[in-house]
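Line order of the protein sequences matches chains Z and V.
Read in order, the letters of the first sequence correspond to residues 0 to 746 in numbering that gives the first Met the number 0.
Read in order, the letters of the second sequence correspond to residues 0 to 207 in numbering that gives the first Met the number 0.
Please note: incorrect hints may appear among the correct ones.
[What the hints assert, rightly or not] Reference listing, derived: stretches of chain Z covered by chain V, where coverage requires no fewer than 3 residues with Cβ under 8 angstroms from a Cβ of chain V:
id : segment
1  : 47-54
2  : 621-634
[Said to hold, decoys possible] Among chain Z residues calculated to face chain V with C-beta under 10 angstroms, some are:
id : residue
3  : A38
4  : S41
5  : D532
[What the hints assert, rightly or not] The calculated lysine-lysine pairs, modelled on DSSO-like cross-linking and capped at a C-alpha distance of 27 angstroms, are:
id : chain 1 : residue 1 : chain 2 : residue 2
6  : V       : K134      : Z       : K255
7  : V       : K82       : Z       : K488
8  : Z       : K684      : V       : K170
In case anyone wonders, no lab produced these hints; they're calculated from the structure.
From the three backbone atoms N, C-alpha and C, an ideal C-beta is built for every residue, glycine too.
Residue strings, one per chain:
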Amino acid sequence: MIKNLAIVLSLLLTSSGVFSQTQISGIVNDTKGHPVPGASISVKNSFDGATSDSLGKYSFSSTDTGLQTLKVSSVGYRSIEVTFQISGKSIQMNLQIKEEPNELKAVTISAGSFAAGDSKRGAVMSSLDIATTAGSNADITAALKTLPGTQQVGEQEGLFVRGGTGQETKQFIDGSLVNNPYYTSVPDISTRGRFSPFLFKGTIFSTGGYSALYGQALSSVLLLESVDMPERSEIDASISPIVVGVGTQQLADNKKYSWGMSYSYVNAAVYFGLVSQRPDYFRLPAFHNADANFRIKTNNGGMIKYYTTFAYNDLGLRTQDIDSPTLKNAFDLTNHNWYNNLSWRQPLNNGWRMTLMTSFSTNLDNIQQQVQGPDNQPRIFPDTAYMQSKNFILANKQNLTTGKAVFEKKLSGLSSFRFGAEYWYNNNPLTYNDTLKVLHDQLISGFSEVNIFLTNELAAQLGVRYEYSTLLKQSDVGPRVSLAYKTGKDAQISAAYGIFYEKPDNQQLFYSPDLKFTEATHYILNFQKMNKDQIFRLEAYYKIYNNLVKTVPMGYNYFNYTNGGSGYADGIDFFWRDKKTFKDFDYWISYSYIDTKRQFMNYPSKITPDFVANNTASLVMKRFITNWKAGFNLTYTFATGRPYYNFMVNNEGKFFTADEGRTIDYQSLNFSCEYIPSLSKVKPKTFIVLFASMSNILGYNAIYGYHYSFNGQTKQPITPPANRFYFVGCFLSWGVDRTQDAINNNL
Amino acid sequence: MKYILLTFMMLGSLVTNAQSEKYEAAMKKTLSFFDSAKSTAQFQSVANSFERIGDAEKTQWLPYYYAGLALSIPAWADPNIDKDANSIRINTLCDKAEALDTNSEIYVLRNMSATQQMMVDPQTRWQTYGTQASKDLQIAIKLNPDNPRIYYLQGQSLFNTPPAFGGGKDKAKPLFEKAIVLFKTDKPKPFWPNWGLESTEEQLAKCQ
């Protein structure tokens with residue numbers, strides 16, 4: 000027995016010497032034939048294997064025999080398994096593995112689109128950037144005006160993008176159109192947006208060629224995506240000479256739902272007492288704003304969100320009448336605005352995802368304008384129509400109800416397909432000097448879009464949008480195409496094409512209800528190179544406008560409208576952001592060149608519109624000094640002069656250019672700083688931010704254009720209500736550690 | 000018959016022994032490669048070898064742990080490594096290891112993996128990966144409060160945080176000191192991680 004055991008033992012111990020070693024070698028390539036270094040090659044259930052070298056070569060010896068499985072894997076590639084026979088002879092095996100689709104590496108469609116936000120890939124700015132861009136004072140639109148493609152229009156609100164008017168940019172919150180995104184206009188003063196940047200986790204600002212999911216904007220869309228769930232429960236307060244506010248966000252312990260509400264009151268009395276204003280305010284601007292929200296997490300990562308905001312404001316101001324040095328125009332405005340947005344996004348089975356959105360808003364403007372004498376008493380002009388037309392009472396109520404459904408299906412890899420429908424009901428009763436007119440429109444849209452990733456390097460987005468308006472009794476079909484190709488590490492080229500339609504303004508439809516859709520065609524070519532510290536973008540575009548609204552004089556002070564207008568715009572937008580070159584210093588430079596002409600409204604011929612400067616540039620700088628717990632921001636903006644015109648009607652009843660010129664160049668240097676005293680505390684009970692800003696430090700006199708008297712003899716510059724704007728404020732929050740925000744953005 | 004049975008039993012135990020000898024030999028050999036590895040490619044090769052051992056053994060968590068550790072070491076210094084892809088692989092290895100044994104060391108590795116992903120873009124990733132990294136260390140402490148590597152990493156994190164944000168040398172120093180005390184008394188089981196004393200001493204010297 001012992002002898003037997005000895006034999007068994009000796010057999011066992013020498014077995015490794017008895018079994019022959021088989022040499023296995025080869026090359027690992029990807030599908031394009033490039034070698035894959037660092038790939039792991041292993042014989043299943045054995046220690047044998049190797050790692051491919053820089054040339055993709057591998058080699059190892061195995062003591063196994065018979066049918067074996069070889070596993071090849073590498074990060075970013077799909078693993079493969081190959082069965083093979085080991086028979087003692089050396090084996091030469093070349094292996095091929097396929098790259099996995101990877102959202103982080105894949106090309107993105109960037110033509111025409113600027114992403115901003117903390118979660119967005121390819122974001123050019125974060126939510127905090129919007130608040131800390133000097134001159135923006137936490138107004139989203141003002142911050143976006145530091146990006147290329149926008150005009151520095153200071154006498155009207157809105158984003159004037161690539162030769163388009165402010166009305167050609169539409170805003171959407173969680174997919175739903177916002178009818179009145181700005182506080183109601185006051186003549187010659189641009190108003191702020193109604194929504195705080197802190198409501199949103201992501202912003203996409205498209206300067207053209209946008210997706211088929213959106214419509215009714217000839218030039219641009221601003222897509223705002225609201226935050227999902229707050230990080231923690233908190234109470235906030237803000238105090239400044241202009242505004243006081245208080246609010247809360249409450250997060251359930253199970254983090255499944257949250258709710259919040261806030262209220263703020265703005266009153267300009269103290270400020271206007273300290274800083275004199277050009278207009279004479281007989282009713283000081285006062286604003287009440289209240290909002291509320293709730294958010295509920297549903298199964299499988301779904302989310303229901305509701306947001307509502309109510310605002311009331313009033314103001315009254317007198318300005319010099321253009322036709323008489325002794326007369327004044329008194330403008331009085333009260334506004335009620337109520338906005339509601341409800342959305343539900345829900346992942347379904349089999350890679351489907353559903354998003355349902357609805358919104359309701361109502362906006363009431365009560366405006367009264369009066370011509371007043373030196374005694375501030377009203378004057379009437381029974382015999383002078385153009386003067387009498389300055390006395391009016393207007394009640395304009397705009398109601399909008401929208402509903403939208405989008406269904407999205409994930410296809411293989413990163414590709415996806417989506418389709419949906421949208422319904423807008425517009426109801427606009429307008430009373431002008433006791434005459435009531437009501438406009439109803441139902442706009443029905445359908446859209447579908449497919450995103451195809453042919454490889455990680457090449458992607459295409461093809462879409463089409465259909466729209467029908469019951470008021471216009473007209474339908475349109477707009478194709479949208481985008482392509483993107485990755486040309487190297489961090490670098491890509493993309494192109495976009497699309498046809499976009501927009502209804503004429505309600506004011507025009509009141510007079511001429513048989514107007515048709517206005518139309519724009521975009522062609523965009525974009526080059527982008529970006530990594531986490533530096534972004535370089537260069538974009539060229541060409542736009543064609545058709546069926547623009549044209550004003551036809553129908554006698555004294557009465558007009559009709561046709562779709563007889565047209566135009567074009569072409570230009571180059573440049574953007575460079577750099578957080579790397581200078582330590583702790585972040586800056587971006589935007590430059591836009593535009594060449595555009597259009598024949599629309601009362602323009603007698605194809606000319607450069609009065610809201611367009613051919614060259615616009617911005618330099619935004621930010622520096623956070625950790626030891627001082629303070630940040631300093633500086634923005635300089637420059638724009639060449641804009642053309643201005645006086646169009647008058649000649650004896651043949653046609654418009655002609657009675658006078659024209661170009662304004663002086665526009666420039667503005669803005670400063671802001673924030674001080675965060677509780678920064679060094681790890682979990683402060685009270686978190687404090689002190690903020691101060693000053694716009695137009697150098698006191699440069701901006702002239703946005705000129706108003707002409709009725710007879711064309713006198714012109715009056717359009718200027719801001721005050722040269723400089725100052726703001727100081729203190730923001731407090733309790734119960735949440737906001738220090739992290741500051742660390743995030745300044746480490 | 001009885002003898003045959005006995006022989007088979009002996010043979011069985013011999014085979015098991017041979018198996019574990021084979022495992023030990025492979026671990027020793029790969030650990031020595033690990034010690035001498037310098038380039039990213041060498042670390043990667045070591046990681047692949049460890050993963051092969053883990054896959055073949057099926058019951059040992061240590062090969063997976065060392066595979067992950069070998070991937071994490073070059074990722075501190077090599078800017079060419081795709082940190083996200085690398086960390087995803089480390090995390091997969093941690094999952095495989097944890098399926099066999101839940102212990103403090105795996106969470107130390109998870110912490111390093113999350114920290115490396117955070118450092119890609121601290122400004123935007125602090126909230127996600129930074130939080131994840133500190134959570135991992137909390138779990139590591141719960142599993143074994145005497146693991147010296149936890150305090151080395153905590154100290155390291157504070158050392159690299161500016162004083163204005165609650166970090167700095169003064170805050171890091173006591174943690175390094177605590178780690179060194181624990182390193183001195185730490186008696187790791189065979190093949191269990193024992194790294195960190197030297198680096199901790201170097202860091203402590205920088206705090207003086």
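Okay, the hints, checked on the actual structure:
1. 47-54: As far as the segment 47-54 of chain Z goes, the hint holds, because 6 residues have Cβ atoms under 8 angstroms from chain V.
2. 621-634: It holds: at least three residues are needed, and the segment 621-634 of chain Z offers 3 whose Cβ sits within less than 8 angstroms of chain V.
3. A38: At about 8 angstroms, which falls below the 10 angstroms cut-off, the nearest Cβ of chain V leaves the hint on Z/A38 intact, so it holds.
4. S41: holds, 4 angstroms
5. D532: holds, 9 angstroms
6. V/K134 to Z/K255: The hint holds at about 21 angstroms.
7. V/K82 to Z/K488: Judged against 27 angstroms, a Cα distance of about 15 angstroms means the pair holds.
8. Z/K684 to V/K170: Cα-Cα ~21 angstroms, so holds.
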